[in-house]
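With the numbering used here as the guide, the letters of the sequence shown map in order to residues 503 to 807.
One or more of the hints may lead you astray.
Stated by the list, open to error - Between beta-carbon pairs, the in silico distance windows are:
no.: 1; residue 1: Leu797; residue 2: Ala638; range: 34 to 44 angstroms
no.: 2; residue 1: Gly678; residue 2: Ile802; range: 15 to 25 angstroms
no.: 3; residue 1: Arg568; residue 2: Arg661; range: 14 to 24 angstroms
Since the hints were made in silico from the structure, they are not lab data. Just so you know, these numbers come straight off a predicted model, no measurement behind them. Where a beta carbon is used, it is the ideal one built from N, C-alpha and C, also for glycine.
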Amino acid sequence: GMKATMTTGGLTLSRRRMEALAEAGIELVSVSIDGLEATHDALRGTAGGWRRAFDALRHARAAGVRIAANTQINRRSMGELVALGERLADAGIGAWQMFLTIAHGNAADHVDMLLQPYMLLEVYQELERVLDLCDARGIRLWPGNNLGYFGPLERRLRRHQNAEAHYQGCQAGRTGLGIESNGMLKSCPSLGGPANTGGSLRTTSLVELWDQAPQLRALSRRTVDDLWGYCRECYYAEPCLAGCTATTEPLFGRPGNNPYCHHRVLELQQRGLRERLVQTERAPDEPFGMGRFELVVEPIPSPAS
């Protein structure tokens, strides 16, 4: 059978509601907490949201439900992850998922919050300290699909995720799917647009859509020949296949070349280079609206410049 879990911002998850969810059989609640208090409330646009998120964790734990957290990493939250981890550990979480903010929604309208690829060097130094904290406090760190990619921390990041302890490519249309509130089926909950929507469960069965809708099967049939740019020639091209589609598609309009890669950033650094994203087209005002970005390869500036 299916395990019932929930991811929530926690704003309205009162003790009474949590007790009702526990009685209904929910097994785990993960609360989205995106930094320390000021950062979280600013990102979410809700004053008091951080405190209510921690209240939700407390209510779930009191109801006997396992608790976890999920956190996005961007320019505003980087530097706060260890301190946030201490507070989450004190709250009693058993697992913590982390992922990079992608260029959808609020981030598509405020690109200054997005990490530049070269900032991953600093992010992964911080994540090493986060891993140390999680080991010490008994928390399972669960990397999102857009974290990692064959850098020095890969085995530590993915040791709880699969037996090989390394990234195994985008799972959209392979081991996962998403169902929107209107019944539309997607190969991943984070993907948007008609190219990723395979039809409606209101008119067609899940089995039929899964087996026949080309939009759901396209990503699962991707090969190295579909990659481009740096990823096409990368040593890890075959197992990785350019990483998370939901991260790259909003940048370039198509998957297959992912600058948010620890291995790639380190390789470029050894050559004295870095990559920088420049927005060339704003995202339309619609769900999963995608802008366009240009990828600039440039020499690493000297410390004095």
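Okay, the hints, checked on the actual structure:
1. Leu797 <-> Ala638: 34 to 44 angstroms: holds (38 angstroms)
2. Gly678 <-> Ile802: 15 to 25 angstroms: violated (37 angstroms)
3. Arg568 <-> Arg661: 14 to 24 angstroms: holds (20 angstroms)
In this structure, the one hint that does not hold is number 2.
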